[in-house]
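There are 2 protein chains.
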Amino acid sequence: MSLIVLGTLALDTVKTPFGKRTEMLGGSAVHFSMSARLFTGVNLVAVVGKDFPARHIDFLRRKKVVTSSVIVAEGKTFRWEGEYRGDLNSALTLNTRLGVLSAFNPVVASHQRKIKNVFLANIDPDLQQRLLTYLHAPRLIGVDSMNFWIEHKRASLLKLLKKAHIYVANDQEARSLTGEHNLIKAARGLSAFGPAMVLIKKGEHGVLFYAQKLIFSLPAYPTDKVIDPTGAGDTFAGGLMGYLASTKKLDEAALKRAILYGTVAASFNVEAFGLERTARLSRADLDRRLARFRRCVSFWKS
Amino acid sequence: MSLIVLGTLALDTVKTPFGKRTEMLGGSAVHFSMSARLFTGVNLVAVVGKDFPARHIDFLRRKKVVTSSVIVAEGKTFRWEGEYRGDLNSALTLNTRLGVLSAFNPVVASHQRKIKNVFLANIDPDLQQRLLTYLHAPRLIGVDSMNFWIEHKRASLLKLLKKAHIYVANDQEARSLTGEHNLIKAARGLSAFGPAMVLIKKGEHGVLFYAQKLIFSLPAYPTDKVIDPTGAGDTFAGGLMGYLASTKKLDEAALKRAILYGTVAASFNVEAFGLERTARLSRADLDRRLARFRRCVSFWKS
Numbered sequence: 161m162s163l164i165v166l167g168t169l170a171l172d173t174v175k176t177p178f179g180k181r182t183e184m185l186g187g188s189a190v191h192f193s194m195s196a197r198l199f200t201g202v203n204l205v206a207v208v209g210k211d212f213p214a215r216h217i218d219f220l221r222r223k224k225v226v227t228s229s230v231i232v233a234e235g236k237t238f239r240w241e242g243e244y245r246g247d248l249n250s251a252l253t254l255n256t257r258l259g260v261l262s263a264f265n266p267v268v269a270s271h272q273r274k275i276k277n278v279f280l281a282n283i284d285p286d287l288q289q290r291l292l293t294y295l296h297a298p299r300l301i302g303v304d305s306m307n308f309w310i311e312h313k314r315a316s317l318l319k320l321l322k323k324a325h326i327y328v329a330n331d332q333e334a335r336s337l338t339g340e341h342n343l344i345k346a347a348r349g350l351s352a353f354g355p356a357m358v359l360i361k362k363g364e365h366g367v368l369f370y371a372q373k374l375i376f377s378l379p380a381y382p383t384d385k386v387i388d389p390t391g392a393g394d395t396f397a398g399g400l401m402g403y404l405a406s407t408k409k410l411d412e413a414a415l416k417r418a419i420l421y422g423t424v425a426a427s428f429n430v431e432a433f434g435l436e437r438t439a440r441l442s443r444a445d446l447d448r449r450l451a452r453f454r455r456c457v458s459f460w461k462s
Numbered sequence: 161m162s163l164i165v166l167g168t169l170a171l172d173t174v175k176t177p178f179g180k181r182t183e184m185l186g187g188s189a190v191h192f193s194m195s196a197r198l199f200t201g202v203n204l205v206a207v208v209g210k211d212f213p214a215r216h217i218d219f220l221r222r223k224k225v226v227t228s229s230v231i232v233a234e235g236k237t238f239r240w241e242g243e244y245r246g247d248l249n250s251a252l253t254l255n256t257r258l259g260v261l262s263a264f265n266p267v268v269a270s271h272q273r274k275i276k277n278v279f280l281a282n283i284d285p286d287l288q289q290r291l292l293t294y295l296h297a298p299r300l301i302g303v304d305s306m307n308f309w310i311e312h313k314r315a316s317l318l319k320l321l322k323k324a325h326i327y328v329a330n331d332q333e334a335r336s337l338t339g340e341h342n343l344i345k346a347a348r349g350l351s352a353f354g355p356a357m358v359l360i361k362k363g364e365h366g367v368l369f370y371a372q373k374l375i376f377s378l379p380a381y382p383t384d385k386v387i388d389p390t391g392a393g394d395t396f397a398g399g400l401m402g403y404l405a406s407t408k409k410l411d412e413a414a415l416k417r418a419i420l421y422g423t424v425a426a427s428f429n430v431e432a433f434g435l436e437r438t439a440r441l442s443r444a445d446l447d448r449r450l451a452r453f454r455r456c457v458s459f460w461k462s
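Sequences listed follow chains A and B, in order.
Note that my numbering has the first sequence beginning at 161, numbered continuously upward.
Note that my numbering has the second sequence beginning at 161, numbered continuously upward.
Chain A extracted, bound-state conformation (with noise of 0.2 Å):
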């Protein structure tokens, strides 16, 4: 089955220990999209402006992801600046122009409207409400979102989290919306809200799925190699949920497999800028460092 995933297409300038890089593309969707092709087919719901070069919807399409929502407006496209210091878990904003994304209007072409699996990346809760009015009975929808909209737009956002299935969140987020600081805690306040199941991820720590009555925990894989860690929450988010929609299950095996190949593609992600990684990965790769993960965190003889 295939997947829809709304989200941002996005000129990314970074900068980290390791290096510095200028308008490189990035955004939540397309983060998402470069984990999730390897198990499905995606369908990028997105705007950009005049100046995006052609050459990154060329290298999208090449990618097999299939582009027919993305709209290209009148203005600017949004563009991101961010710093990353000694802790590399966080970014400072340095810039966010939004661009076309301020007056996004998302459309669904029609051969797209009866696509079972959605993901809702980070972007105006509004816009992944409205998105779900196009759609005629979506399987399973996952929604991720931040603590802006969290601040602002509170009330749209939890509206929204009535309609969704899996609400994927980072620990922060999960705090900031529920009060809680346990965690436990606040992924079943998030669940109250909604989403029968609840994935926060805690960055270098790995992720905490929560639905009631799994509850399982799995640590991020050991690296020494983080260069830039953009991205790296919607790369998961892309293996969670182009697993999911390559599957007919949703089972314990099927979520934590899910989860495995998510937090596998996400530790490709931070080893390089932007998607200097993830636009070359396989399935191969994925399966060859699953198998290497695989010793680190199996704790009873399999």
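Please keep in mind that the hints were generated in silico from the structure rather than gathered at the bench.
This one's a predicted model, so the numbers in the text were calculated from it and none came from an experiment.
Glycine included, every Cβ here is placed at the ideal spot set by N, Cα and C.
The reader is advised that the hints may include incorrect statements.
Under the rule of at most 20 Å between Cα atoms (straight-line distance), these lysine-lysine pairs were calculated in the PhoX-like manner [what the hints assert, rightly or not]:
no., chain 1, residue 1, chain 2, residue 2
1, A, K416, B, K461
2, A, K323, A, K274
3, B, K323, A, K461
4, A, K276, A, K322
5, A, K276, A, K224
6, B, K322, A, K345
7, B, K385, A, K373
8, B, K313, B, K323
9, A, K323, A, K313
10, A, K409, B, K461
11, B, K322, B, K345
12, B, K274, A, K461
13, B, K274, B, K323
14, B, K373, A, K461
15, A, K373, B, K461
16, B, K461, A, K408
17, A, K461, B, K408
18, B, K408, B, K276
19, A, K461, A, K416
20, B, K409, B, K373
21, A, K461, B, K416
Output of the computed footprint for chain A on chain B, the stretches with three or more beta carbons under 8 Å from beta carbons of chain A [said to hold, decoys possible]:
no., region
22, 343 to 351
23, 364 to 373
Quick list of the computed label-pair ranges, beta carbon to beta carbon [stated by the list, open to error]:
no., chain 1, residue 1, chain 2, residue 2, range
24, A, P177, B, L318, 24 to 32 Å
25, A, R454, B, K409, 15 to 23 Å
26, A, S250, B, Q372, 54 to 62 Å
27, B, K409, A, S250, 35 to 43 Å
28, A, A315, B, D211, 54 to 62 Å
29, B, A356, A, R448, 26 to 34 Å
30, B, R452, A, D286, 51 to 59 Å
Once you have looked at the hints, place chain B on chain A.
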């Protein structure tokens, strides 16, 4: 095989968002003993003052902890007072009164000098070093320390680490001693100081094990019941070292099992003040929780 532990016996006053306890029995060697005793005979090397309540020594003996190398010295018992606020991960030390600890000269009863497993819990590294001179041919030397010694007795600690087989450190200590932020790099740096095995404790995020050809990572037991984390790291070390002392092996399977026991033991420690939960802990309690934990951290069928 039995085990010898050098560390502190203390009277702890602790305040958390869930209440306050005054002058509870505590200290690194005591928390360690509460879990280690479930696996092996524990021999305590420590000092207390004349003011130390006799009931605490009786309690330790009832728990089968051998106290023949506990010195009762002129003066006051070591006291620690701390508080945990919103983030129960780190304590705010309000008061430390060393008392008899400042002139402590550990001795080891002659019948204890052939003991093969030793844990040097958090205490002045010069005392940790001195204890080793009593022992004939230890098979396994575990070391813990704290930021105070890293800052004030770095040379002594580094000298000690040359003799250690396992160094147990928390993430801050690992970073501070090596100057590396990335925990894999920090673990590698610590191992270069001497210990073949390094265990980095990450509080609510679990532990990272590092050896030259083996890295593995285990999340903490997922719990929403954190009342008082004082001594969680020592309880972890007690489960780890206790299990390793009880088995003759030091292979991957034994190390992983030891880390599981340490993790589960620590999860009981945080559920109540001081020793309120771990004093009545049984091996069966550990095994039951271990079975539940298995489902949370097993990502491959086994």
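To see whether the hints hold, each was checked on the structure:
Between K416 (chain A) and K461 (chain B) the alpha-carbon distance is near 10 Å, which keeps this suggested pair within the 20 Å criterion. Simply put, K323 (chain A) and K274 (chain A) have alpha-carbon atoms about 17 Å apart, close enough for the 20 Å limit, and the pair holds. Our distance criterion of 20 Å between C-alpha atoms is broken by K323 (chain B) and K461 (chain A), whose separation comes to about 32 Å. Restraint check for K276 (chain A) and K322 (chain A): the C-alpha separation of about 18 Å stays at or below 20 Å, so the hint holds.
At most 20 Å may separate the alpha-carbon atoms for a hinted pair to count; K276 (chain A) and K224 (chain A) meet this at roughly 18 Å. Between K322 (chain B) and K345 (chain A) the alpha-carbon distance is near 43 Å, which puts this suggested pair outside the 20 Å criterion. Under the criterion of a C-alpha separation no larger than 20 Å, the hint pairing K385 (chain B) with K373 (chain A) is consistent with the structure, at around 17 Å. Proximity of K313 (chain B) to K323 (chain B) is assessed by CA-CA distance (about 16 Å); at most 20 Å being required, the pair is judged to hold.
Between K323 (chain A) and K313 (chain A) the alpha-carbon distance is near 16 Å, which keeps this suggested pair within the 20 Å criterion. With a CA separation close to 16 Å, the supplied pair K409 (chain A) and K461 (chain B) stays within the 20 Å bound. With a C-alpha separation of about 18 Å, the suggested pairing of K322 (chain B) with K345 (chain B) holds against the 20 Å cut-off. Only pairs whose Cα atoms come within 20 Å are accepted, and K274 (chain B) paired with K461 (chain A) is rejected, the gap being roughly 34 Å.
Taking the CA atoms of K274 (chain B) and K323 (chain B), the gap is about 17 Å. The hint holds against a cut of 20 Å. Distance hint between K373 (chain B) and K461 (chain A) is fulfilled; the C-alpha atoms sit about 19 Å from each other, no more than 20 Å. Simply put, K373 (chain A) and K461 (chain B) have alpha-carbon atoms about 19 Å apart, close enough for the 20 Å limit, and the pair holds. For the suggested pair K461 (chain B) and K408 (chain A), the alpha carbons sit about 19 Å apart, so the restraint of at most 20 Å is met.
Under the criterion of a C-alpha separation no larger than 20 Å, the hint pairing K461 (chain A) with K408 (chain B) is consistent with the structure, at around 19 Å. A distance of roughly 11 Å separates the Cα atoms of K408 (chain B) and K276 (chain B); the hinted pair therefore holds under the 20 Å criterion. Note on K461 (chain A) and K416 (chain A): the hinted pairing holds, with a Cα-Cα distance of about 17 Å set against a maximum of 20 Å. With a C-alpha separation of about 17 Å, the suggested pairing of K409 (chain B) with K373 (chain B) holds against the 20 Å cut-off.
A hinted pair counts as satisfied when its Cα atoms are at most 20 Å apart, and K461 (chain A) with K416 (chain B) qualifies at roughly 10 Å. Note: the region 343 to 351 of chain B has 4 residues with beta-carbon separation from chain A under 8 Å; the three-residue rule is met and the coverage holds. Given as covered by chain A, the region 364 to 373 of chain B passes the check, having 4 residues with a CB less than 8 Å from a CB of that chain where 3 are the minimum. For P177 (chain A) and L318 (chain B), the hinted distance range of 24 to 32 Å is satisfied, since their beta carbons lie about 27 Å from each other.
At about 21 Å, the beta-carbon gap between R454 (chain A) and K409 (chain B) stays in the expected band of 15 to 23 Å. The supplied range of 54 to 62 Å is broken by S250 (chain A) and Q372 (chain B), whose beta-carbon atoms lie about 31 Å from each other. At roughly 41 Å, the beta carbons of K409 (chain B) and S250 (chain A) sit within the given window of 35 to 43 Å. The hint said 54 to 62 Å for the Cβ distance between A315 (chain A) and D211 (chain B), and at roughly 59 Å that hint holds.
Checked against the hint of 26 to 34 Å, the pair A356 (chain B) and R448 (chain A) passes, with Cβ atoms roughly 28 Å apart. Taking the beta carbon of each, R452 (chain B) and D286 (chain A) are about 42 Å apart, not inside 51 to 59 Å as hinted.
Of the hints listed earlier, those the structure fails to meet are numbers 3, 6, 12, 26 and 30, in rising order.
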